[in-house]
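Student: Sequence:
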Amino acid sequence: MNLKNKTALVTGGGVGIGLAITRALVDAGAHVIIAGRDLARLDRVRAELGNVSTIQVDLAVHGERERLIATLLQRDAPLDLLINNAGIMQYFSLADDHALARLDAELALDLHAPIHLSTALLPHLLSRPEAAIVNVTTGLIYAPFGNTPGYSAAKAGLHGFTRALRWQTRGTGLKVIELMPPAVDTELTRRYDGSKTDPESVARALMHGLVKGLDEVRPGQTKALYAMSRIAPGFIFRALNKAADKTPLD
Numbered sequence: 001m002n003l004k005n006k007t008a009l010v011t012g013g014g015v016g017i018g019l020a021i022t023r024a025l026v027d028a029g030a031h032v033i034i035a036g037r038d039l040a041r042l043d044r045v046r047a048e049l050g051n052v053s054t055i056q057v058d059l060a061v062h063g064e065r066e067r068l069i070a071t072l073l074q075r076d077a078p079l080d081l082l083i084n085n086a087g088i089m090q091y092f093s094l095a096d097d098h099a100l101a102r103l104d105a106e107l108a109l110d111l112h113a114p115i116h117l118s119t120a121l122l123p124h125l126l127s128r129p130e131a132a133i134v135n136v137t138t139g140l141i142y143a144p145f146g147n148t149p150g151y152s153a154a155k156a157g158l159h160g161f162t163r164a165l166r167w168q169t170r171g172t173g174l175k176v177i178e179l180m181p182p183a184v185d186t187e188l189t190r191r192y193d194g195s196k197t198d199p200e201s202v203a204r205a206l207m208h209g210l211v212k213g214l215d216e217v218r219p220g221q222t223k224a225l226y227a228m229s230r231i232a233p234g235f236i237f238r239a240l241n242k243a244a245d246k247t248p249l250d
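Per the numbering used here, the sequence shown starts with residue 1, numbered consecutively.
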């Protein structure tokens, strides 16, 4: 995909992996729309990078997503690239009194939002001569953390949806890409004490995947996790969770 002069939406584009992707897209000549809840943070990114527009939205709320979709479809510059990046990760016990509410919150942002945006914007993106949808999941789809049940469930569901979407749109001008980061040094993983990669490495891997037209992008340790999960899935699941269990629950 040639990114120059393309218009991209990056959800959660003001922080962490999303911010690194936003910077990389701007450097590649794209105009980037970043969407998120924190308006001050979005405005700082716009002031820093220049070729960025902002939309304040709570992606966990259905009506807010509908407003975002309507805004995107009414823009003079048509959307070419949708990057579903926004997400949360919580460490909690399923026996907790508030477990169901926490699951609902995570599923709303991590699963329902990317499925909603992908499906609602699909007819428009299929009409473009060259377009892409990028769904950001995680290397943990190969060995989920037991102490992040909502996040693990949402990302596994998004992995399945992404494969189905790719199959249904095969033979079109739309590329469907899954980005599977390992643990990355962001606010999302600040409580995790294991090794982490930097957001910029993940963004560079995605840019390579977009240019080369890859279906799946596995940066850093995700490559090894993928290989190990095929050879010894039970072993790698237990090993990762023994390490992850050192992170205290909420």
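Heads up, some of the hints might be wrong.
Said to hold, decoys possible - In silico DSSO-like links for lysine-lysine, alpha-carbon gap of 30 Å or less:
{"no.": "1", "residue 1": "242", "residue 2": "4"}
{"no.": "2", "residue 1": "212", "residue 2": "242"}
{"no.": "3", "residue 1": "223", "residue 2": "246"}
{"no.": "4", "residue 1": "223", "residue 2": "4"}
{"no.": "5", "residue 1": "212", "residue 2": "175"}
{"no.": "6", "residue 1": "212", "residue 2": "223"}
{"no.": "7", "residue 1": "175", "residue 2": "223"}
{"no.": "8", "residue 1": "175", "residue 2": "4"}
Just so you know, these hints were derived from the structure itself, not from any lab.
Bear in mind that the values here come from a model prediction, so they are computed numbers and not experimental data.
Student: Enumerate the violated hints, using their earlier numbering and listing them in ascending order.
Tutor: 1 and 2
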